[in-house]
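Peer 1: For reference, the chains in residue letters:
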Amino acid sequence: MTDATQAPVSGSGVTTSSPVTDSDRRRLAAARRRRWMADMPAAYLLLAPVLVLFAFSVVYPLIQTIWLSFWDIKGLYPPKFAGFGNFVTLFNDATFLRAIVTTLLWTVCTTVLSVGAGWGLALLCSLAPKATLIPRVLIFTAFGVSEAVTGYIWLGIYRPDAGGVLNALLSAIGLGQFAHPWLGDANTAIWCLIIAYSWAQTGLPLILIFAATQAVSRNVIEAAHIDGAGPGAIMRYIIAPLSLPGVRVALFINLLGSLRAFDTIYVLTGGGPVRTTETIGFFMFRESFTQFKLGYGAAATLVLLAAVLIISIPAIIQRTKEAK
Amino acid sequence: MIGKAPRWIPIVVGLISILWIVPLLGIVITSIRPAADTVLGWWQLDHIELTLHAWTTVWSKYPLASGFVVSAELAGIATIGSMILTPAAAYAFQFLRFPFRRTLLIIIINAFVLPQQVVVIPLFTLWRQMGLIDNLASVLIPYVGLSFAWSIFLVKNFLEDFPNELIEAARVDGCGPISTFFRIVLPNTLAPVFAVGILQFLFCWNSLLIPLLFLRSHIPLPVVFAQISGMYDPNWDLRAVAAIVTTVVPLLVFLVFQRQFAGGAMARSGTKD
Numbered sequence: 001m002t003d004a005t006q007a008p009v010s011g012s013g014v015t016t017s018s019p020v021t022d023s024d025r026r027r028l029a030a031a032r033r034r035r036w037m038a039d040m041p042a043a044y045l046l047l048a049p050v051l052v053l054f055a056f057s058v059v060y061p062l063i064q065t066i067w068l069s070f071w072d073i074k075g076l077y078p079p080k081f082a083g084f085g086n087f088v089t090l091f092n093d094a095t096f097l098r099a100i101v102t103t104l105l106w107t108v109c110t111t112v113l114s115v116g117a118g119w120g121l122a123l124l125c126s127l128a129p130k131a132t133l134i135p136r137v138l139i140f141t142a143f144g145v146s147e148a149v150t151g152y153i154w155l156g157i158y159r160p161d162a163g164g165v166l167n168a169l170l171s172a173i174g175l176g177q178f179a180h181p182w183l184g185d186a187n188t189a190i191w192c193l194i195i196a197y198s199w200a201q202t203g204l205p206l207i208l209i210f211a212a213t214q215a216v217s218r219n220v221i222e223a224a225h226i227d228g229a230g231p232g233a234i235m236r237y238i239i240a241p242l243s244l245p246g247v248r249v250a251l252f253i254n255l256l257g258s259l260r261a262f263d264t265i266y267v268l269t270g271g272g273p274v275r276t277t278e279t280i281g282f283f284m285f286r287e288s289f290t291q292f293k294l295g296y297g298a299a300a301t302l303v304l305l306a307a308v309l310i311i312s313i314p315a316i317i318q319r320t321k322e323a324k
Numbered sequence: 001m002i003g004k005a006p007r008w009i010p011i012v013v014g015l016i017s018i019l020w021i022v023p024l025l026g027i028v029i030t031s032i033r034p035a036a037d038t039v040l041g042w043w044q045l046d047h048i049e050l051t052l053h054a055w056t057t058v059w060s061k062y063p064l065a066s067g068f069v070v071s072a073e074l075a076g077i078a079t080i081g082s083m084i085l086t087p088a089a090a091y092a093f094q095f096l097r098f099p100f101r102r103t104l105l106i107i108i109i110n111a112f113v114l115p116q117q118v119v120v121i122p123l124f125t126l127w128r129q130m131g132l133i134d135n136l137a138s139v140l141i142p143y144v145g146l147s148f149a150w151s152i153f154l155v156k157n158f159l160e161d162f163p164n165e166l167i168e169a170a171r172v173d174g175c176g177p178i179s180t181f182f183r184i185v186l187p188n189t190l191a192p193v194f195a196v197g198i199l200q201f202l203f204c205w206n207s208l209l210i211p212l213l214f215l216r217s218h219i220p221l222p223v224v225f226a227q228i229s230g231m232y233d234p235n236w237d238l239r240a241v242a243a244i245v246t247t248v249v250p251l252l253v254f255l256v257f258q259r260q261f262a263g264g265a266m267a268r269s270g271t272k273d
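Respectively, the protein sequence lines represent chains L and R.
All the letters of the first sequence, read from the start, carry residue numbers 1 to 324 under this note's numbering.
All the letters of the second sequence, read from the start, carry residue numbers 1 to 273 under this note's numbering.
Please keep in mind that the hints were generated in silico from the structure rather than gathered at the bench.
All figures in this text were calculated on a predicted structure; none of them were measured in a lab.
Just so you know, even glycine gets a beta-carbon here, dropped at the ideal spot from N, CA and C.
Hints should not be assumed to be uniformly reliable.
Chain R is faced by these chain L residues, among others (derived, beta-carbon under 10 Å) [what the hints assert, rightly or not]:
id, residue
1, 68
2, 70
3, 187
Derived SDA-like pairs: lysine to any residue, alpha-carbon spacing no greater than 25 Å straight-line [unchecked claim]:
id, chain 1, residue 1, chain 2, residue 2
4, L, 80, R, 127
5, L, 74, R, 194
6, L, 130, L, 228
7, L, 324, R, 194
8, L, 74, L, 228
9, L, 321, L, 62
10, L, 324, R, 125
11, L, 321, R, 162
12, L, 324, R, 189
13, L, 74, R, 127
Covered by chain L, per the in silico footprint, the following chain R stretches (three or more residues, Cβ under 8 Å) [to be verified]:
id, segment
14, 54-66
15, 108-114
16, 129-136
17, 185-193
18, 199-210
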């Protein structure tokens with residue numbers, strides 16, 4: 001008989017009805033230690049492929065990105081150690097500073113627009129869940145379309161020739177003078193990107209927040225209805241407050257997604273015109289893989305990582321605390 | 001809704017959803033109309049003729065067929081890889097005791113915040129040194145490796161509610177830790193493992209940055225498509241077909257498994273459902 005059967009599986013929370021003596025405790029502790037050692041080969045056998053792949057694709061690259069950021073690498077020339085030189089250059093590089101501004105504008109606007117639209121629609125839908133099923137699914141469908149294809153769809157809307165939906169729409173309603181090469185103008189290109197990306201990202205907040213509102217008990221709403229509350233009051237005092245957890249989750253997901261966004265920008269503008277639509281996540285791609293300044297690109301990536309970590313602190317703390 | 005849901009709500013939501021329907025519809029219509037008829041816009045009605053011309057000629061114009069095969073290979077292998085390796089790791093973290101268990105767990109499940117951009121530069125130099133550029137492994141390794149951050153979290157969350165008595169009973173009956181996994185835990189963990197598979201399939205099929213950097217001759221559909229739509233190309237009808245081909249498989253999977261997708265997306269963000 002193995003010790004495993006006597007030791008509690010969870011390794012903690014031993015409860016016995018009879019008083020526990022010191023020798024009992026020692027025996028249990030020893031058994032637990034033996035179990036700990038007995039599990040070890042099996043555990044590492046099961047984990048080995050995961051640990052190897054994770055080390056290859058996360059741990060090593062992360063450390064190496066930090067290391068590379070201290071090196072000046074230009075194409076095939078031998079790398080020179082640069083200390084914090086790359087970071088000094090970055091923060092004196094007008095293109096990078098503009099990428100920071102673009103990233104802030106892009107991240108804040110796309111998150112607010114997509115979560116805001118999704119929230120508003122979710123609240124409307126929560127009052128008539130059955131009748132709004134089809135429009136809900138259609139909006140969610142846009143979220144399932146590949147990002148590269150989303151870019152193409154909006155290319156067709158913004159294109160400056162006669163086939164462009166936006167310009168045609170403007171002239172149809174008599175505002176033809178506002179027709180515009182939307183993506184070719186540095187003043188409008190970033191807003192075009194923001195709208196295209198938010199359009200694609202509205203579906204997830206809509207579904208997540210709608211699900212949160214459906215968790216509200218029917219009895220609560222019925223009771224409020226009997227007490228004379230109209231749809232407005234039910235919305236204001238019951239559904240809206242209870243939708244907030246869903247909103248929080250959606251905000252975090254879309255914030256992270258916007259910060260790392262790449263595909264839509266790549267397809268719609270490629271960062272142009274004159275690099276005005278480059279976010280940091282795109283800037284690092286441009287510097288590292290078209291100019292082959294790998295160290296410089298790595299330094300820019302670390303700035304992106306810092307931004308990601310700052311907004312992720314609460315989630316990381318929560319995950320770490322709950323990891324048992 | 002109880003009693004009278006305001007009649008205007010479905011109407012308003014329906015009208016708003018037109019903003020999402022019309023652009024999607026535009027692609028489908030562009031793909032089945034002669035290119036000459038849509039020069040002034042796919043919505044022009046003065047001459048209506050439907051054709052499958054674009055659908056039949058696109059295959060020789062763009063490498064869509066080979067892109068489809070590569071996409072299916074990459075997404076398929078990466079999905080199976082994650083579905084096999086994730087439950088084993090989640091089981092080990094949940095039920096076995098071993099040194100550094102909690103440390104490893106915390107590192108892995110917090111890696112979900114990392115953007116792909118953080119890992120691509122070192123991987124690019126590493127694959128170049130190892131001669132793996134243009135090898136499917138250069139893409140499959142990060143696909144599977146990056147998935148563990150959220151997939152292990154998702155499956156382990158499920159296992160937290162797994163009845164301990166079953167495990168203890170198996171041990172009493174003489175099952176070792178590994179056979180306990182294969183005989184008791186794995187058969188009862190299929191639901192979250194399928195959720196992992198669906199999410200992983202969608203992410204891998206739609207992924208652009210990693211294959212764009214690491215693959216040259218065998219490129220999956222999103223890369224093919226990005227290259228087509230990146231250059232100036234007047235063939236809107238052909239590209240509409242290419243767009244549909246690129247996204248039809250993940251879109252169908254997505255629509256069929258919406259529920260699992262929303263739940264999985266929440267798990268990725270660090271929230272339990």
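Peer 1: For each hint, tell me whether it holds in the structure or not.
Peer 2: Structure-based check of each hint:
At about 6 Å, the closest approach between the beta carbon of residue 68 of chain L and any beta carbon in chain R falls short of 10 Å, and the interface hint on this residue holds. Interface hint at residue 70 of chain L: violated, since its Cβ lies 13 Å from the closest Cβ of chain R, which is beyond the 10 Å cut-off. Nearest Cβ of chain R to the Cβ of residue 187 of chain L: about 22 Å, over the 10 Å cut. The hint is violated. Taken as a hint, the residue 80 of chain L and residue 127 of chain R pair is honoured in the structure, with Cα atoms around 22 Å apart against an allowance of 25 Å.
With a C-alpha separation of about 45 Å, the suggested pair residue 74 of chain L and residue 194 of chain R falls outside the 25 Å cut-off, and the hint is violated. With a C-alpha separation of about 23 Å, the suggested pair residue 130 of chain L and residue 228 of chain L falls inside the 25 Å cut-off, and the hint holds. As the CA atoms of residue 324 of chain L and residue 194 of chain R are separated by approximately 24 Å, the hinted pair is consistent with the 25 Å bound. Distance hint between residue 74 of chain L and residue 228 of chain L is unfulfilled; the C-alpha atoms sit about 72 Å from each other, more than 25 Å.
Between residue 321 of chain L and residue 62 of chain L the alpha-carbon distance is near 23 Å, which keeps this suggested pair within the 25 Å criterion. Among the hinted pairs, residue 324 of chain L with residue 125 of chain R is inconsistent with the structure: their alpha-carbon atoms are about 37 Å apart, more than 25 Å. Simply put, residue 321 of chain L and residue 162 of chain R have alpha-carbon atoms about 20 Å apart, close enough for the 25 Å limit, and the pair holds. Distance restraint check for residue 324 of chain L and residue 189 of chain R: the Cα-Cα separation of roughly 19 Å lies within the 25 Å cut-off, and the hinted pair is therefore satisfied.
The suggested pairing of residue 74 of chain L with residue 127 of chain R holds, with an alpha-carbon distance near 19 Å, which does not exceed 25 Å. Counting residues of the segment 54-66 of chain R whose C-beta sits closer than 8 Å to any C-beta of chain L gives 0, which falls short of three, so the coverage hint is violated. Coverage of the segment 108-114 of chain R by chain L holds [criterion: at least 3 residues with CB-CB distance below 8 Å; count 6]. For the segment 129-136 of chain R, the stated coverage by chain L is violated: 0 residues have a C-beta nearer than 8 Å to a C-beta of that chain, whereas at least 3 were required.
With a threshold of 8 Å between beta carbons, the proposed coverage of the segment 185-193 of chain R by chain L is violated, since 0 of its residues qualify and at least three are required. Evaluation of the coverage hint for the segment 199-210 of chain R: fulfilled, as 5 residues show C-beta separations to chain L shorter than 8 Å, against a requirement of three.
Against the hints set out earlier in the document, violations occur for numbers 2, 3, 5, 8, 10, 14, 16, 17.
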